[in-house]
Amino acid sequence: MSRKPDSRKRPPVPKTRMTEILPPEGVPIRFDLAGLGGRFGAQLVDILLSLLVVSLFIFVLSAADVITGEGVIAILALSMFLLRAPYYITTEILWNGQTLGKRLLGLRVVSGDGRALSPHAITVRNLMKEFEVFVPGTYLLIASNLGIVPGLILLVWIIALLLIPLFNKRRQRLGDIIANTYVISVPRPVLLPDLTRQPTPAAGQFTFLPHHLDHYGRFELQTLEQLLQVRTGTLNAAARRQHDLNLRRVSDAIVARIGFEENIPEADTDAFLRAFYRTQRAYLENRKLFGDTREDKFHNRSETRA
Amino acid sequence: MNGETGMQDIRSARFRAEREDDWIRLDGLVTRVEKRGLSNLSFDEARELASLYRNTVNALSLAREISLDRALHAYLEALAARAYLAVYAPKKALGGMLWQLFSRGIPQAVRRSGFVLVMAFATMILGGVAGYLLFLEDPTWFNTIVPGGLAGERGILSSRDELEAVLTSGADGSLDRFSAFASYLFSHNTQIALFTFALGVVICVPSTLLTFYNGLVIGAFAALHADRGLAYELFAWLSVHGVTELSAIAIACAGGFHLGLAVLFPGQMTRRDALRHAGYDAVKLAILAAAMLVVAAVLEGFFRQIIQTPETRILVGWGIGGLWLAYFLFSGRGEDKS
Numbered sequence: 001m002s003r004k005p006d007s008r009k010r011p012p013v014p015k016t017r018m019t020e021i022l023p024p025e026g027v028p029i030r031f032d033l034a035g036l037g038g039r040f041g042a043q044l045v046d047i048l049l050s051l052l053v054v055s056l057f058i059f060v061l062s063a064a065d066v067i068t069g070e071g072v073i074a075i076l077a078l079s080m081f082l083l084r085a086p087y088y089i090t091t092e093i094l095w096n097g098q099t100l101g102k103r104l105l106g107l108r109v110v111s112g113d114g115r116a117l118s119p120h121a122i123t124v125r126n127l128m129k130e131f132e133v134f135v136p137g138t139y140l141l142i143a144s145n146l147g148i149v150p151g152l153i154l155l156v157w158i159i160a161l162l163l164i165p166l167f168n169k170r171r172q173r174l175g176d177i178i179a180n181t182y183v184i185s186v187p188r189p190v191l192l193p194d195l196t197r198q199p200t201p202a203a204g205q206f207t208f209l210p211h212h213l214d215h216y217g218r219f220e221l222q223t224l225e226q227l228l229q230v231r232t233g234t235l236n237a238a239a240r241r242q243h244d245l246n247l248r249r250v251s252d253a254i255v256a257r258i259g260f261e262e263n264i265p266e267a268d269t270d271a272f273l274r275a276f277y278r279t280q281r282a283y284l285e286n287r288k289l290f291g292d293t294r295e296d297k298f299h300n301r302s303e304t305r306a
Numbered sequence: 001m002n003g004e005t006g007m008q009d010i011r012s013a014r015f016r017a018e019r020e021d022d023w024i025r026l027d028g029l030v031t032r033v034e035k036r037g038l039s040n041l042s043f044d045e046a047r048e049l050a051s052l053y054r055n056t057v058n059a060l061s062l063a064r065e066i067s068l069d070r071a072l073h074a075y076l077e078a079l080a081a082r083a084y085l086a087v088y089a090p091k092k093a094l095g096g097m098l099w100q101l102f103s104r105g106i107p108q109a110v111r112r113s114g115f116v117l118v119m120a121f122a123t124m125i126l127g128g129v130a131g132y133l134l135f136l137e138d139p140t141w142f143n144t145i146v147p148g149g150l151a152g153e154r155g156i157l158s159s160r161d162e163l164e165a166v167l168t169s170g171a172d173g174s175l176d177r178f179s180a181f182a183s184y185l186f187s188h189n190t191q192i193a194l195f196t197f198a199l200g201v202v203i204c205v206p207s208t209l210l211t212f213y214n215g216l217v218i219g220a221f222a223a224l225h226a227d228r229g230l231a232y233e234l235f236a237w238l239s240v241h242g243v244t245e246l247s248a249i250a251i252a253c254a255g256g257f258h259l260g261l262a263v264l265f266p267g268q269m270t271r272r273d274a275l276r277h278a279g280y281d282a283v284k285l286a287i288l289a290a291a292m293l294v295v296a297a298v299l300e301g302f303f304r305q306i307i308q309t310p311e312t313r314i315l316v317g318w319g320i321g322g323l324w325l326a327y328f329l330f331s332g333r334g335e336d337k338s
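Those protein sequences? They're chains A and B, same order as listed.
Sequential numbering of the first sequence, starting at 1, is according to this note's numbering.
Sequential numbering of the second sequence, starting at 1, is according to this note's numbering.
Hints listed in this document are in silico derivations from the structure and should not be mistaken for laboratory results.
All figures in this text were calculated on a predicted structure; none of them were measured in a lab.
In this text, a Cβ means the ideal position worked out from N, Cα and C, and glycines have one as well.
A hint or two may mislead.
What the hints assert, rightly or not - Pairs of lysine to any residue residues, derived as SDA-like cross-links and limited to a Cα-Cα distance of at most 25 Å, are as follows:
1. B/K35 <-> A/K297
2. B/K35 <-> A/K288
3. B/K35 <-> A/R115
4. A/K297 <-> B/R64
5. B/K35 <-> A/H211
6. A/K288 <-> B/R11
7. B/K35 <-> A/R241
8. B/K35 <-> A/P86
9. B/K35 <-> A/L155
10. B/K35 <-> A/L228
11. A/K288 <-> B/Q268
12. A/K169 <-> B/M269
13. A/K169 <-> B/F15
14. A/K288 <-> B/N55
15. B/K35 <-> A/L33
16. B/K35 <-> A/I47
17. A/K288 <-> A/H211
18. A/K169 <-> B/L264
19. B/K35 <-> B/R54
20. B/K35 <-> A/L104
21. A/K288 <-> B/F15
22. A/K169 <-> B/Q268
23. B/K35 <-> A/Q43
Unchecked claim - Okay, the calculated bits of chain B under chain A, using three or more residues with CB under 8 Å as the criterion:
24. 236–242
25. 275–285
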């Protein structure tokens with residue numbers, strides 16, 4: 001290899017919060033773990049909704065003059081009791097791991113063992129929620145009435161419970177750990193067009209030789225794909241100009257790196273990049289089939305040094 | 001070879017083009033399942049969903065091997081994940097599950113939990129004895145043991161008549177029964193039961209303490225009433241709901257012990273697995289305790305006011321206790337599945 005070793009470091013692998021689930025088919029399926037913010041939001045929506053239902057119920061009852069003041073408190077207590085764990089358990093069983101709040105925020109509970117979410121797991125994680133969310137929450141509301149020692153215990157308890165999801169790699173709270181469940185973001189599949197199948201009229205005019213294609217790896221190829229997948233129709237004039245500029249800069253960089261001799265006219269930038277993408281992808285996929293996986297442009301650095 | 005830019009030379013593009021229609025079809029089916037449930041599909045569609053899912057998962061596996069098309073990867077990952085969720089969804093009806101749980105799961109769990117149940121009841125009885133003895137030693141212990149709100153108007157200064165008045169209260173039906181029922185559900189003992197269960201995870205200690213403490217309170221109460229010559233009346237008064245309620249607390253505590261013992265003595269499993277394993281019976285005990293507390297609330301809110309003679313109170317209380325026992329011992333026998 002004649003090119004000089006690259007002095008820059010490999011870009012760090014981005015930390016992804018993914019989890020893999022192995023269904024009985026044996027092909028691992030990847031999920032994005034739900035963020036703590038989303039889970040908190042879903043929880044809040046659920047609590048607000050149940051409060052709303054209870055207050056509506058009480059409003060109707062008192063408007064109809066059925067109950068007195070004391071009865072209102074009793075009903076409030078009773079309905080909150082019935083609306084908590086039973087609400088979560090029922091909705092999650094009926095909607096396969098989603099409460100109303102989770103539906104709104106696109107979250108879902110999945111079972112860690114790759115099989116269907118069992119009613120047992122749902123019950124466990126929601127019973128534990130009583131002690132992780134509701135009991136400390138209720139006590140927090142009356143915190144000022146607690147003494148110093150119970151107050152401190154409560155504080156330590158809450159902090160410990162909050163830390164558990166932060167310090168395990170699957171963002172599980174205690175109930176999730178016992179039930180072996182995760183909360184994930186429901187993925188939204190969008191099928192972008194295959195770039196190699198789009199007609200590019202001027203593409204035929206570029207010819208790449210094997211030594212042109214030895215420089216890049218999967219990472220650069222997919223970065224280029226991302227750039228080419230931008231839907232230019234949706235951009236405004238300024239963004240469009242910026243996009244064209246980016247394309248030009250990338251094509252200049254590629255030309256310089258691979259030592260491409262031809263001159264690329266400004267108007268053919270896009271066609272050049274697409275032609276390069278297609279050829280490079282065919283080349284890399286071919287190498288991959290023969291066991292030569294090329295991750296990124298540093299793929300043969302160790303060889304150069306040896 | 002590299003000069004050719006014809007479409008046919010990219011294997012992964014051909015791979016994608018051949019299967020794309022199937023994926024889009026699957027996408028549509030999955031979206032329908034997500035919106036309206038699996039029952040919305042016809043038999044043929046459900047079968048198609050299953051087979052398309054399997055094909056797509058295979059395609060995903062293959063694409064990971066051969067393709068560098070990032071858009072394809074992202075799409076297949078998301079589609080396979082959603083289809084997986086649609087295919088592996090629990091399909092049982094809620095009612096059937098509940099029936100299964102109460103007719104088999106719970107009594108079987110109770111029968112498997114003999115050791116922790118004995119531990120829990122023993123803890124409570126020990127607490128009771130301790131409370132009783134403490135009161136005999138020095139009646140002012142009563143104020144230390146029993147929180148003010150719980151004792152109500154009963155205390156070491158109460159006379160026999162005052163105590164008796166509480167035991168027979170509600171005879172005239174003056175009490176709003178519904179609100180008694182509801183406020184009871186939210187009362188002290190329910191919280192104790194919930195706490196003893198959940199805190200079992202913290203190596204049993206809080207469960208033990210709470211159950212023991214609960215025993216202490218009852219012991220002190222018993223001693224107070226015995227001191228005023230009301231032992232029999234208190235026993236009857238407590239029997240109506242107490243047999244069910246105190247058993248519920250002990251059962252919740254036993255559930256807690258299950259979890260705590262799993263953490264303390266995981267045996268050859270990891271702690272996490274042991275906890276998960278213990279959870280199966282522990283949760284059933286917790287649900288049982290909750291159900292029993294609801295029954296106890298009905299008994300306390302309605303029956304204790306209606307029934308006033310001590311003999312009937314004892315009969316009702318222990319009769320229901322006997323029913324519980326029969327349920328635990330005999331239900332869900334026969335062919336064992338769950």
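Verification of the supplied hints:
{"no.": "1", "hint": "B/K35 <-> A/K297", "verdict": "violated (44 Å)"}
{"no.": "2", "hint": "B/K35 <-> A/K288", "verdict": "violated (40 Å)"}
{"no.": "3", "hint": "B/K35 <-> A/R115", "verdict": "holds (21 Å)"}
{"no.": "4", "hint": "A/K297 <-> B/R64", "verdict": "holds (20 Å)"}
{"no.": "5", "hint": "B/K35 <-> A/H211", "verdict": "violated (52 Å)"}
{"no.": "6", "hint": "A/K288 <-> B/R11", "verdict": "holds (12 Å)"}
{"no.": "7", "hint": "B/K35 <-> A/R241", "verdict": "violated (41 Å)"}
{"no.": "8", "hint": "B/K35 <-> A/P86", "verdict": "holds (23 Å)"}
{"no.": "9", "hint": "B/K35 <-> A/L155", "verdict": "violated (41 Å)"}
{"no.": "10", "hint": "B/K35 <-> A/L228", "verdict": "violated (33 Å)"}
{"no.": "11", "hint": "A/K288 <-> B/Q268", "verdict": "violated (43 Å)"}
{"no.": "12", "hint": "A/K169 <-> B/M269", "verdict": "holds (21 Å)"}
{"no.": "13", "hint": "A/K169 <-> B/F15", "verdict": "violated (35 Å)"}
{"no.": "14", "hint": "A/K288 <-> B/N55", "verdict": "holds (23 Å)"}
{"no.": "15", "hint": "B/K35 <-> A/L33", "verdict": "holds (22 Å)"}
{"no.": "16", "hint": "B/K35 <-> A/I47", "verdict": "holds (23 Å)"}
{"no.": "17", "hint": "A/K288 <-> A/H211", "verdict": "holds (17 Å)"}
{"no.": "18", "hint": "A/K169 <-> B/L264", "verdict": "holds (24 Å)"}
{"no.": "19", "hint": "B/K35 <-> B/R54", "verdict": "holds (21 Å)"}
{"no.": "20", "hint": "B/K35 <-> A/L104", "verdict": "holds (13 Å)"}
{"no.": "21", "hint": "A/K288 <-> B/F15", "verdict": "holds (16 Å)"}
{"no.": "22", "hint": "A/K169 <-> B/Q268", "verdict": "holds (24 Å)"}
{"no.": "23", "hint": "B/K35 <-> A/Q43", "verdict": "holds (21 Å)"}
{"no.": "24", "hint": "236–242", "verdict": "violated (count 0)"}
{"no.": "25", "hint": "275–285", "verdict": "holds (count 5)"}
Checked against the numbered hints listed earlier, the structure breaks hints 1, 2, 5, 7, 9, 10, 11, 13, 24; every other hint is satisfied.
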